[in-house]
Amino acid sequence: MNAPLIGARIERKEDYRFLTGAGQYTDDVTLPNQSYAVFVRSPHAHATINAIRKDKALKAAGVLAVFTGEDLKVGGLPCGWLITDVNGQPMKEPVHPSLAQGKARYVGDQVAVVIAETLDQAQDAAELVEVDYGVLPAVVNGEQARAKGAPVLHDVAPDNTCYVWALGDKAGVDAAFSKAAHVTRLDLVNNRLIPNAIEPRAVNGMYSRADDSYTLYVASQNPHVERLLMTAFVLGLPEHKVRVVAPDVGGGFGSKIYLYAEDVVVTWASKQINRPVKWTAERSESFLTDAHGRDHVTTAELAMDKDGKFLALRVKTTANVGAYLSTFASCVPTILYATLLAGQYTTPVIHCEVTAVFTNTVPVDAYRGAGRPEATYVVERIVEQAAREMKLDPVEIRRRNFIKTFPYQTPVALMYDTGNYEATMKAAIEIAGVSGFAARKKESESRGKLRGLGYAAYIEACGIAPSNIAGALGARAGLFEAGEVRMHPTGSCTVFTGSHSHGQGHETTFAQVVADRLGIPMESVDIVHGDTSKVLFGMGTYGSRSIAVGGTAIYKALDKIIAKGKKIAAHLMEAAETDIEYDRGVFKVAGTDKQKTIGEVSFAAYVPHNYPLDKLEPGLNENAFYDPANFTFPAGTYVCEVEIDPDTGFTKVEKFTAVDDFGKNINPMIVEGQVHGGLTQGIGQALLEGCKYDPETGQLITGSFMDYCMPRATDVPSYNLETRETPCTHNPLGVKGCGEAGAIGAPAALMNAITDALQPYGINDLPMPASPATVWKTIQNAKQKAA
Amino acid sequence: MHAFTYHKPSTLGDAVSLAGKHGDGKILAGGQSLVQAMKLRLASPTDLIDLGGIKDLASIKADGSTVTIGAMARHAEVEANADVKKMIPVLARLAGGIGDRQVRHMGTLGGSLANNDPAADYPAAVLGLGAIITTNKRKIAADDFFKGLFETALEPGELITAVTFPTAKRAGYMKFKNPASRFALVGVFVADTSSGVRVAVTGAASSVFRATAIEKALSAKFEPDAVPAGTVKAADLNSDLHGSAEYRAHIITVMAKRAVAQALGK
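Quick mapping for you: the protein sequence lines, in order, are chains U and Y.
Position 443 of the first sequence, counting from 1, maps to 443 under this note's numbering, and the rest follow consecutively.
Position 90 of the second sequence, counting from 1, maps to 90 under this note's numbering, and the rest follow consecutively.
Bound conformation, chain Y alone (with noise of 0.2 angstroms):
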């Protein structure tokens, strides 16, 4: 690891002008990604923004129809909290799903948003409940937020503060793991919500993306069977040694259709 700064603000705002400071800093939330990428001295940032002094920025409240998760909750306190497995169980499920016991308690929701890993699990939750990303600066919906592979909406100097997350009437996340890494080599979130059915896939493309045919499909008639085979075409998925683009188009069916099912209680 290169030699660093290090710096712990007490105030968003002091986090924002020290990111505004020193231009080849980097922000620190849960450090899951970027410290081990430090350490293999693939990423060399001058100063770290630890934002881990800032206080209600890790905090989960509830309204009637939403849940409102801080940035820097961490995944095994998504996992853990009742509001969420009340309301939207799937996302409690998915938390406690992702990385293993350590990185639960150490990544943060926003953190992997931020960093827009293409297998990560939150940005399909994100994607398939159409949640709303609360920044310094404004409000983004999900819709808008993904760009690419490790790219998002955000602007230089702009943090998440807070993810609002809808209800959904039903919803499933099935995830099929690369059995090295067990990140998803394909994650299908599906969602029953008041503006309709969404289906966000992740880990098989370069960044987490709508399956808009089986949206449409799952519309007409929200049944496992009901997934269309092959919508999602394979010249658009990623290709390694884990699987082919053509698996993984394969793999995205089987999991909607297990997601489907998930949501049903089936």
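The shape of chain U in the complex, shown without the other chains (with noise of 0.2 angstroms):
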């Protein structure tokens, strides 16, 4: 009855609701006797927490209390990933309290709460909350954190250091560097982002002394996992008792997966002081609390034969975990990061060691790509590198060592299914235009321009995860997905689902697969997330998995109402059920015109007059839990064409191509919208963003917007985007998920474009984000060096 919707470009049902501002986020939810936190935060980097007067505070108006780390001693918010060192030691998990206890770590860092009637009484009382510190000197990178006699953050961790992890065959590398003909070696530097969701994080807490239950509104991408967290590691309540609620919510970028203190906070408070709590981030407190992404610090060495092919790739890097361990900081610059360091290639021997350290900043987790955009960086930056130094032409050495059988085994634990990296490849050189590109940088040279093309052919591990890999790398959790079909009486259905909807536009693409496969229309369809009390189990939204993981679970759940609904439809139609086939919503008995539509057997299934109730159950209800057979591998080849200003070191991005391999599309609309994000964010990396932190105090220096760039639409071209499709070959949709490719490919795409446009200055490395003033003085520098 319906044209198939699956690759159909239909426009998002959650846009009119987004549209006309009838979204409801956290912010929103407004309980009755509803009371209001203001965080009192740490002003210095390291800090020993001396006395706590809270007594001004307390007499101040509207104030409900005043609560620090002496009143709330509960346990450390947890890490769901162990990771296991070079010596077979478990990483250092120092305690991550919800309120400072006697020790401020970072700028930002909860050191009391303030609960008051209304949120300016909050605020004010806040102010009269007296602190005594005693300032301890701090450090904020790698390099000061590993020094001798570097100031300590944890006495669990002497030297700052959360573990040395190395992945793959280090004398296997070793022996392949003694026999390569040339090496490549590049230092690089992975910036520090700060990851700034449209909506702040947001929590509303409730505690019911009516049957001793707590409902916690909150800003999260998985409110299954925030609960589990919340409590069996921390506050040690049941689940049954406890509802989590992830709203509409704006934006995550990983950001919001975690569990954070001010949850926490906010959901024992509630029970403290018999009233909702709620806590909406200043956009000050977003920049100086939320996780930050990336801050690797990275040598890198590519050995090759004479040819240009790659005999073996040895990394290390350092990656700055921040003050405390968020919720899968330790995984991301380990299991995310090292395993991707294969690229699209045949290196034949990987090694990776990896050193994480404390700060005295604030923690860093996944973050749009997470792992993935630091693995691509360091690959493509050096083989862009490669070729220049082996006179080559960048895709042509690319060629030369892509892999091109499938499944393909890495030597770092992955098993690529499918690929075709010479499509995208190819794809994208012809719409980039890349024969007419030297005329164009010599149209830029007559106007005294540098002009740049740059590629990145990058890979990314999707579909997080098999369980019981991720359990044999160290994850604490299972990583499936649920999914649940409720048919109604009359034929429409409800779906609900643990993935969870912060822009992505899951309620239009996940119902296109349910109205696809029931051959229903669009609108009988609605998708249901983020509501513990509602959906059955979730793992959330994040890396890229939605779809691939979350939709198989709806995709199976659906597989199972059909085979129901022939047996009920056998019955009605007095056929056997191996003679039922079912067509787009349609149940026919095959080689006859005798059939029953979908609605009939609905209605059939919950009016079970005329139904084989001897034989089954009324109802057409099924849920389906789906574990991954593996990861997928979206990958894709980016070309990137720059022009840079010498007089300013001003960078225009004037032509951006991305062609994407995600397996099968469900909207290509919502997948280009995933592209143009990610792309940008990537830009933003490359060109304009960066996160620093005052090397003495500490302080956070790009504490806001006037300081920290994020791109705008005018920073970023009209980009050409194409997609090549090899389907996923280990789930039914064959889809890979496309949440993370723009923001994966596009930094070294970008930068390989800016150090090929800077040659004449023989300039191959450059510090992310190359603002104007850092090109400007690069290329005085490099002047200077000529000289």
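By construction, these hints were calculated from the structure, which means they are not laboratory data.
Treat the numbers as computed from the prediction; the structure is a model and nothing was measured.
Any given hint could turn out to be false.
[What the hints assert, rightly or not] Pairs of lysine-lysine residues, derived as DSS-like cross-links and limited to a Cα-Cα distance of at most 30 angstroms, are as follows:
no. : chain 1 : residue 1 : chain 2 : residue 2
1   : U       : 103       : U       : 271
2   : Y       : 177       : U       : 652
3   : Y       : 233       : U       : 777
Combine the two chains into a complex, taking the hints into account.
Shown next, in the form of structure tokens:
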């Protein structure tokens, strides 16, 4: 009855709500007897807390309570992934308190909470809390943290080191290097980023004395995970007494995966004062306290034979994890990073060593791409540099090393199921008009400008993750997904998913999958997510996993609906179940004109007058849990073209071409939207964004949009996008995921383009963000060196 | 934001007397800096005296050789005003390049000058054109008005009412934006006026200033290539995350050249 919906550019069902201001975000939820919390935060990067005097604040107008770490002695915020170091020892896991226990470890660390009748009263009273700090010296980067005699953050990690971890065949790599015809070496910094979702973090906690239960509204990407972590690990509450609702959420990019201290404090405090407690971050607090991203310092070496064939890759990285281990901090620079260092290439041996260090900065965790942008940056920068040194075309060196047969077992644990790297490369070269680049470069030169072209052929591992593999690698949670399809008596359906949409458009994409499979109109399908009291279970949305894992769970539930529907239809039409075929909304008896619509079958299931009650339960409601068999491997080629004004150092992104292979695309319009956002974030990292801490005081220098440069529409070109499809081999939809690709591939392509433009000065590297001042200074330094 | 008392006088006299009465109060013009500071609890005035209710403070009037703009004229009004566009087009362009659309519909000329943000655009135009600032007490020449970081010649209880801009034979303004804030990292205003060439630089130092060596060179020859390099010393300039003093010194030269080219219609 319907045209296929998979692959259709259907406008988003949720947009009406968002565009008309009808979205309901956590801060929109105001409960009876609502109270408001404001956190007192450390102004120092590292300080002992000698005394906290709260009497003045307690006497202030409207104040209901002031709590400090003395009042809230509960479990620490847990880390969800155990990394085992090179000596077989577990990583150092210092306690991460919800309210500071005697010491503050970064600017913004929560020291006390003030709760009052109104937000203004809470803010006024927070200024009256007197904290006696003993300021300690601070460290903000790996070099400082690992220096002899450095200030120590945690007693359990006297060298400020969380772990030294390694993956790969070290001896094999050493042997390959000794035989190499050429070795390319590059020192790279992957700059620290501040996420900046448009909706700040927010939480509203309510305790009910009636049944000793809690309801928590929170801007979260994964409400069930939030509940599990908070109940089991921190507050010691039974899960059935805690409901977590993540209503409309305005962006996450990873930063809303984690269990944050504020969530715990607000939940706990709601019982203490028997009032709902709401906290919404101010933008300044978002800068100071949302988990940051990236922050790697890396040395990479690539060994090649005389033809530019890769023999081995050696990578050493120092990852700054901040002051405490955030929820997934430990796996980002390890499991999600080193395993991607093969890229699209047949490099036979790889070794990666990662040192994770504690510093007096905000905890660092997964941020759009999470480990994979860092890996792609290493691989694609060094491959481009190798091409320069080998005097090979950057496309040619990649082609000589592409993986061409699948499945392919990499030397860094992953098994790529499918791909076609030549297809995306070939398309990207054509669409980017690479053949006309030389003429465009000449034209730029005639105006005194420098033009450069750069490539990135990225790969990522999405669809996280097979639980047994993740568990073997240290995950402390399963990574399946759950879905439920509830057919209603008249044939419409409500679908519950453990995935969470905070901008991705699941209400449309998932509805397309359901409507397509069942053959019913889109309007007959509603997607429900983000409420532990409605959704059976869920691991949430991150790592571009929603369609591949969450979508597949729904698909499996749909299979069960159709299987049961066949039984009902067989009964209704007095046919054998094996003769029933399902085709786009209609159960047919094969070879006859007898048929029943899904609506008729649903009705029979809920009004079972003519129904095989002796053999079959009434109702048509099925759920499924899906644990993926493998990761999915989206890949593609990006080509970036820039023009640089050498007088000012200003870089303009002239063209950006992205050809991605996400497997099957459910809604190409939504896919393009995801790529647009990802590319813009990637361009932001390379050109504009950079979190800076003062190395002496540990103060956040980029603490507002006045200093932290977010990309604007005028900073990016109109993108040239296409896709090529090699369907994923191990999920029924053939999907791979598209949420992070842009942010993964763009920085390397852009920096390769900039360094290409700067080849006349012999410049092969410069730090991100490549701000005008940085580009200009790099040129001046190169000129001086040459003179 | 801390609590405060809001006043909306309808005459200049009432505004002045309210300002005198509330020593810890602040004058509210467009509120594009003050209100942000209050929201961040960096400013906590006891009283806000809103000039928005005073008639005639926002008028824009032209005579043969000058344009007089009321202190409460919004940037967007200056940008769109036919007389400004005809007589001093660079000023309309400059106003149209301040902040974003929302800021331009709230921010005012008088507010910008009284605040004297070191990276604001208007001070460059006022100093570059040699405008006259009229207050409720006196007239102040642009050269005497800007005193330093957020400091002006205004005395307590003194309010800007209007600014009189002379026309120029030719003028240009080029702004190199701070990538994050989009304020001027360096903005250079160049004007060839009846009283000689004037070059004002904003964004680069603690306050707007005149680049006299560039003025001298351009007086001899008003061409981009005549702008001398390195005449503004880095030692006197700001240095921050977005640009070192050395970088700013260099960008002054580049923007001055481009402003001259713009003035010449190149």
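Going down the list of hints, with the structure as the test:
no., hint, verdict
1, 103(U) to 271(U), "26 angstroms, holds"
2, 177(Y) to 652(U), "14 angstroms, holds"
3, 233(Y) to 777(U), "17 angstroms, holds"
Comparing the model with each earlier hint shows no violations; every hint is respected.
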